[in-house]
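K.L.:
The chain contents come next:
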Amino acid sequence: MADKVITCKNLTKKFGDFYAVHNISFDVSQGEIFGFLGANGAGKTTAMRILCGLSYPTSGEASVAGFDVYTQQERIKQNIGYMSQKFSLYENLTVLENITFFGGVYGVPAAQLKERSRQLIAKLGLTNEAKKLVASLPLGWKQKLAFSVAIFHEPKIVFLDEPTGGVDPVTRRQFWDMIYEAAANGITVFVTTHYMDEAEYCDRVTIMVDGKVEALDSPGNLKSRFDVTSMDEVFYRLARNAVRSGD
Amino acid sequence: MKVLRYLLQKEFKQIFRDKTILAMMFAMPIIQLIILPLAMNFDVKSINLAVVDHDHSTYSMKLLNKINASGYFKLVAASPSFQDAIQYIEREKADVVLEIPMGFERNLVREGQQPLGISIDAINGTKAAIGGNYLLSVIGDFNQQIPINATGFKPMGVIDLTWSNWFNPLAEYKYYIVPAVLVLLLTLIGGFMAALNIVREKEVGTIEQINVTPITKLEFISGKLIPFWVVGMIVFTLGLTVAYIVYGIWPVGSFLTIYIFAGTYLVALLGFGLLVSTYTENQLQAMFVAFFFMMIFMLMSGLFTAVDSMPGWARVIANLTPVTHFIKVIRMVVLKGSGFADVKWEFLYLVLFACILNGWAVYNYRKTS
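Respectively, the protein sequence lines represent chains W and Z.
Just so it is clear: in the first sequence, position 157 is 157 by UniProt numbering, and no numbers are missing.
Just so it is clear: in the second sequence, position 148 is 148 by UniProt numbering, and no numbers are missing.
Hint data in this document are derived by calculation from the structure and do not stem from the laboratory.
Accuracy of the hints is not assured; some may be wrong.
As the list claims (entries may be wrong) - For lysine-lysine, the following DSS-like pairs were computed, each having C-alpha atoms within a straight-line distance of at most 25 Å:
1. W/K14 / Z/K202
2. W/K131 / Z/K19
3. Z/K367 / W/K9
4. W/K132 / Z/K19
5. Z/K93 / Z/K127
6. Z/K13 / W/K132
7. W/K114 / Z/K13
8. Z/K93 / Z/K66
9. W/K156 / Z/K217
10. W/K142 / Z/K13
11. W/K131 / W/K86
12. W/K156 / Z/K367
13. W/K156 / Z/K2
14. Z/K202 / W/K132
15. W/K131 / Z/K2
16. Z/K217 / W/K86
17. Z/K2 / W/K114
18. W/K86 / Z/K202
None of the values given here were measured: they were computed from a predicted structure.
From just these sequences and the hints, can you work out the full model?
P.N.:
Here you go:
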């Protein structure tokens with residue numbers, strides 16, 4: 001097994017009496033595409049925010065890229081990329097300016113920045129849009145751009161929080177091609193989703209129900225364990241007992 | 001440092017891309033400086049006067065002519081009775097009623113004294129006080145000149161006062177208010193612009209993207225402070241220019257002192273804005289919180305009313321707002337030519353405000369919650 005880049009042991013986050021994340025444990029290996037599944041309100045985003053150093057856990061242990069989530073958040077942040085549920089590039093900056101800004105603050109050397117931005121824009125097919133404000137792009141393009149920006153500084157791990165929400169199937173497919181490419185380059189991908197067809201693309205998936213990890217295995221193993229043909233059914237079997245609903 | 005450069009680049013691009021804000025930032029100083037001092041004029045020039053003359057004598061005519069000639073009063077009515085005249089005050093047609101009783105001339109000549117009745121509408125306290133005083137001084141002057149006093153034996157020991165206004169010889173209101181409006185400009189930019197800017201990033205969600213990068217708190221906050229500081233100083237300079245062109249107000253004291261104070265003050269106010277942004281979640285909240293404090297700052301700072309005439313407890317509050325200190329200093333330096341040594345304590349106050357507010361804001365800004 002390759003190196004563990006994320007380890008999580010009995011991780012818990014409480015808001016008052018409410019366990020948003022309850023005693024979860026898992027490891028993620030380098031280069032893996034790790035799917036994090038769950039209904040709305042299951043605690044996926046909270047867990048991810050802890051791993052990104054945006055939120056303190058209540059108890060338990062976790063380390064990301066070898067750094068502790070309690071004390072070394074800033075070190076973690078140097079080693080990860082993050083794409084949030086909300087589109088969070090600057091809409092009033094152009095495509096090129098967004099790439100330059102985020103590349104710059106992550107410490108991509110100025111000498112490389114220009115050439116690599118140009119290459120990225122060409123790869124995304126946005127050459128004509130490079131000087132347009134991001135606000136004017138269609139959603140699918142925005143999401144692809146956001147993902148590219150999140151991995152532009154070549155992080156060890158990239159966290160994607162429902163990256164394909166509201167995106168058409170063709171673009172989603174292209175988006176997953178990009179994820180595969182990133183994984184092939186050695187970037188570990190930690191992705192939350194509630195599209196079960198996307199779960200099939202992951203190396204391993206975790207299914208969270210009510211703040212707990214109910215299942216953790218490869219999609220193939222999960223299907224045979226529950227003796228069903230699709231991840232959809234696996235998810236349905238596990239999640240129908242959920243107490244919490246909606247967000 | 002490299003990171004800061006990218007932050008500044010981004011911030012300036014965003015500021016200059018928002019045409020509405022940009023227009024406001026530059027139209028505001030010009031319009032405020034032109035309109036406010038002219039409109040907020042406490043020099044009372046047109047006091048509406050209703051007269052009830054029961055005497056109809058030479059003396060009463062002379063007195064009325066004198067009042068008219070003073071240029072401060074506008075005779076709106078000559079009523080036959082006080083009841084009739086008071087109606088003018090009730091209908092807000094008149095500010096002051098002067099009642100000259102029957103036998104005014106006769107009593108003055110024969111007995112050497114005669115009471116007059118003055119009724120003033122005190123809803124607008126300032127106008128009432130000033131208008132009343134003008135009327136008293138015109139009557140006092142008239143009293144000096146009536147033949148019985150002028151030609152008869154002089155009363156003993158009359159004290160004749162000669163007085164002059166220092167630093168603002170004609171006691172013109174514009175000299176008082178224009179420097180204060182300059183402070184107002186910096187206050188608005190410092191207090192609102194930075195606060196709303198950061199809270200906007202919270203609303204849109206981009207702050208999360210920033211929080212997940214290795215940008216340090218200090219870098220982030222400097223990246224917000226510096227652009228608005230620069231904009232504030234440009235607006236301030238523009239304000240000084242307008243003050244000179246429109247009102248001919250050229251600071252008597254040194255520009256260096258003014259700019260040192262303006263710069264420090266702006267840092268303090270930006271710190272206040274940042275602090276507001278760390279406690280609020282959306283622009284509406286930030287706007288309300290900032291507005292609440294701004295109102296107190298404006299009304300307590302001596303912008304319109306002198307801090308010295310406030311009750312003791314109010315003066316304490318006034319001194320706890322940075323605005324008070326800067327208004328005091330800018331008036332001293334612009335009108336009186338005070339040097340840095342005269343205002344060094346105020347400078348220390350402002351530095352203290354800048355440190356506390358910014359320190360608090362940096363402390364309270366959380367990258368991890």
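K.L.:
Now look at each hint and say whether the structure bears it out.
P.N.:
Hints, verified against the model:
1. W/K14 / Z/K202: It holds: about 23 Å lies between the C-alpha atoms, which stays within 25 Å.
2. W/K131 / Z/K19: It holds: about 18 Å lies between the C-alpha atoms, which stays within 25 Å.
3. Z/K367 / W/K9: holds (23 Å)
4. W/K132 / Z/K19: This hinted pair holds, its Cα atoms lying about 17 Å apart.
5. Z/K93 / Z/K127: Distance of about 14 Å is within 25 Å: holds.
6. Z/K13 / W/K132: holds (14 Å)
7. W/K114 / Z/K13: holds (18 Å)
8. Z/K93 / Z/K66: The given pair, whose Cα atoms are some 21 Å apart, holds under the 25 Å limit.
9. W/K156 / Z/K217: holds (23 Å)
10. W/K142 / Z/K13: holds (20 Å)
11. W/K131 / W/K86: holds (23 Å)
12. W/K156 / Z/K367: holds (21 Å)
13. W/K156 / Z/K2: holds (22 Å)
14. Z/K202 / W/K132: holds (24 Å)
15. W/K131 / Z/K2: holds (23 Å)
16. Z/K217 / W/K86: Distance of about 22 Å is within 25 Å: holds.
17. Z/K2 / W/K114: holds (15 Å)
18. W/K86 / Z/K202: holds (11 Å)
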